[in-house]
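Engineer: Given next are the chains, with one letter for each unit.
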Amino acid sequence: MKKKEMVAMLLAGGQGKRLKGLTKSLAKPAVYFGGTYRIIDFPLSNCSNSGIDTVGVLTQYEPLVLHSYIGVGGDWDLNRKNGGVFVLPPHERENGSSWYLGTADAIYRNLKFVDQFDPEHVLILSGDHIYKMDYNAMLRYHKQHDADCTISVIDVPLEEASRFGILNTDEDLRIYEFEEKPARPKSTLASMGVYIFKWEVLRKHLLTDGENESSSHDFGKDIIPLMLEDGNSLYAYPFKGYWRDVGTVTSLWEANMDLLSDEPPLNLNDPNWRIFTRNPNAPAQYVAPGARVSSCIINEGCTVYGEVKHSVLFYGVEVGEGSVITDSVIMPKVKIGKNVRIHKAIISENTVIEDYMEIGVERENEDEILLIDNRNKKRKSAAAKSI
Amino acid sequence: MKELMGVINLDHELDKLNELTYFRCGAAVPFASRYRLIDFVLSNMMRAELESVGLFVRRKYRSLMDHLGDGKSWDMNRKHGGLFILPPDWNDPTDTSLGDLQHFHNNLDFFKRAAAPYIVFSGSQHINNADLQDVFRYHLEKGADVTMVYKRVEQLQPEHDLCLRVEVDETGTVTNMHHEKDYPNVYLDIFIMEKKLFLEQVEYCIAHGESFFFRDAIQKHRQKFNIAAYEYTGYHAVINSLESYYKNSLDLLKQENYYGLFKENPVQTKIKYEAPTRYLDSAEVSNSLVANGCIIAGTVENSIIFRGVQVRKGAKITNSVIMQKCVIEENAVIENVIMDKDVHLSKERILVGDSKRPFVIAKSSKI
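Chains as they are written, first to last, in the working numbering: chain A, 88 to 474; chain B, 15 to 381.
It should be emphasised that the hints constitute simulated quantities derived from the structure, not laboratory data.
Some hints here could point you the wrong way.
Covered by chain A, according to a simulated footprint, are these stretches of chain B (three or more residues, beta-carbon under 8 Å) [said to hold, decoys possible]:
1. 63 to 76
2. 295 to 306
Think about it this way: if two alpha-carbon atoms lie no more than 27 Å apart in a straight line, the pair counts; the simulated BS3-like pairs of lysine-lysine are [said to hold, decoys possible]:
3. Lys-219/A - Lys-268/B
4. Lys-420/A - Lys-286/B
5. Lys-93/B - Lys-219/A
6. Lys-234/B - Lys-126/B
7. Lys-16/B - Lys-284/B
8. Lys-16/B - Lys-396/A
9. Lys-420/A - Lys-156/B
10. Lys-93/B - Lys-89/A
11. Lys-277/B - Lys-422/A
Beta carbons: idealized from backbone N, C-alpha and C, even for Gly.
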């Protein structure tokens with residue numbers, strides 16, 4: 088294989104339990120977002136736009152959709168002769184087999200994959216976040232500081248800091264301590280789960296950690312402390328811009344709603360930083376006479392006869408006459424009948440909502456986001472009727 | 015089924031769409047918010063799983079080739095067969111061929127290399143979603159030399175005037191071909207014949223100084239052949255003039271046309287990675303087709319909006335076709351207009367055309 092300066096490893100094996108029904112038979116990175124995307128489109132497009140052409144995608148939980156979605160990577164311009172995208176599920180080895188035990192273990196088990204490219208640096212990414220980021224700028228920073236590891240951080244409000252992995256740094260942003268969800272945070276620099284390591288250094292620590300049976304084999308919990316202990320130089324790379332964890336039903340809904348303001352904080356229309364995705368090639372959306380669409384995002388293949396306000400519609404959604412949809416996320420190919428009312432809900436793929444159904448209207452807990460899941464029709468209708 | 019290959023022949027199509035076809039051929043004209051006319055015939059051929067498809071084009075093919083690329087969007091980037099774009103290139107010093115026969119004579123290797131024994135020919139001006147495999151089955155069943163596809167058009171329009179008509183007897187055999195304006199059986203510019211017979215006829219026509227294969231080999235000598243007629247009953251639009259382009263574009267807003275063209279058969283086109291369309295709080299949209307990548311803050315009524323169009327607050331678009339990446343600034347008013355790609359319309363401007371004769375704005379204008 089041709090030598091690469093940097094190889095990206097994308098951790099996409101997570102289940103994402105807090106996304107409930109959305110990840111019942113789907114890995115979290117394959118969850119839909121923003122009217123046309125899946126979460127993994129963001130790190131993959133960032134790689135493509137940053138000129139990183141070699142990406143290993145580590146999969147484990149329910150990989151079927153994810154594997155067929157990634158394919159040979161053509162949609163992200165990652166179908167390359169040298170490099171490209173590689174799907175790396177756990178595999179059997181000479182001395183037995185097991186699942187990936189942690190984030191670091193997933194990389195440890197693929198040392199041979201990374202070694203093939205003889206890279207100077209390795210970029211570790213996760214498939215849980217919505218953001219646009221130039222990894223190449225981060226690599227420049229990493230090289231400028233001659234760091235062994237650079238961790239991308241975002242400044243979070245102090246009151247929220249205890250929800251994140253917090254990095255405590257010197258004035259020059261050199262990291263001296265990592266605290267996972269500290270009760271009393273000393274800093275507001277939260278790790279974004281984006282790391283660049285010198286491969287030589289990381290490789291050594293992965294081998295040490297791999298031997299340690301009491302380790303949880305996690306980058307944040309094990310590898311970073313190990314490196315700090317060892318006196319390696321770790322730097323924080325301050326990222327400015329939109330970044331959202333979409334690990335829960337509520338945060339996924341909120342991130343979708345973020346796209347609906349007149350000046351959204353995440354610009355998906357930037358021709359210089361496109362977010363690539365697999366295009367369903369559906370016809371243009373049809374907005375009928377008498378329909379109303381405002382403060383919403385609607386994808387191709389939709390036909391709207393009713394009213395859509397402050398909502399996100401994925402491709403192929405039908406909204407019947409007299410129906411009103413507010414503050415909701417409607418995933419692909421959902422058929423909504425006539426005179427339906429949907430408020431503050433996420434409706435998952437292929438669900439059929441019959442005429443006159445009311446979902447999420449007049450409910451006790453306004454803050455809760457209703458999730459209507461097509462895979463359990465009984466639950467769906469029970470939930471819908473009771474509310 | 016690899017018994018059938020395709021030919022898309024654009025040589026006899028006249029580019030009469032004024033500004034829209036000054037720099038592109040008719041087949042490359044954008045249509046239906048996100049397609050170009052060629053997409054419909056290519057998608058039909060894709061669905062029929064043809065062995066290979068040859069595209070013969072003489073002029074103004076830059077934008078067409080840019081759109082087609084290696085044929086990937088139609089699954090035609092194959093190791094064997096797939097899409098062959100064959101622009102004019104003839105260097106045979108003994109060649110005396112004329113018209114579209116020039117294409118066929120100079121690309122004999124394309125026909126000979128393909129294993130498929132039958133060829134389906136089509137132009138690009140008749141928008142339809144005919145099932146070409148079904149036409150082929152019919153052709154074999156009838157044991158015909160040639161099978162022509164036609165549609166019985168109840169309400170003939172001015173754009174049908176130039177179309178060839180076929181008279182068909184009760185056995186489904188073509189008994190006559192003519193240009194009588196009131197006759198309803200409109201030929202769709204699609205026919206199937208055996209490759210061997212085609213190549214013989216090409217040779218015969220060239221030897222006799224002819225210039226247009228279908229007219230001179232088939233139409234003129236129709237008694238020589240057993241010609242079957244296949245009746246197509248689905249969506250059909252003929253786009254051969256600016257008026258027909260405008261009318262058929264807006265006609266897609268009728269449910270039966272939108273569903274007739276798109277519901278059953280996906281139409282493939284070159285993929286653009288646009289975000290879904292965003293409607294702002296002030297948007298008012300009704301009875302319109304809108305493609306992805308648009309940002310709409312103004313009013314859009316009875317219109318066809320292509321990918322990446324921006325309609326700013328207070329702007330109003332009615333009965334118009336607005337192509338890719340146009341920007342309509344605040345409070346501009348547009349009515350009965352066809353706006354080609356990349357037009358920038360400044361604030362407060364008013365452009366009003368006639369409902370029968372739309373006002374056309376050339377590509378990349380700044381107004």
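Engineer: Taking the hints in turn, state whether each one holds.
Structural biologist: Evaluated hints:
no. : hint                  : verdict
1   : 63 to 76              : violated (count 0)
2   : 295 to 306            : holds (count 12)
3   : Lys-219/A - Lys-268/B : violated, 40 Å
4   : Lys-420/A - Lys-286/B : holds, 21 Å
5   : Lys-93/B - Lys-219/A  : violated, 37 Å
6   : Lys-234/B - Lys-126/B : holds, 26 Å
7   : Lys-16/B - Lys-284/B  : holds, 25 Å
8   : Lys-16/B - Lys-396/A  : violated, 49 Å
9   : Lys-420/A - Lys-156/B : violated, 41 Å
10  : Lys-93/B - Lys-89/A   : holds, 26 Å
11  : Lys-277/B - Lys-422/A : holds, 14 Å
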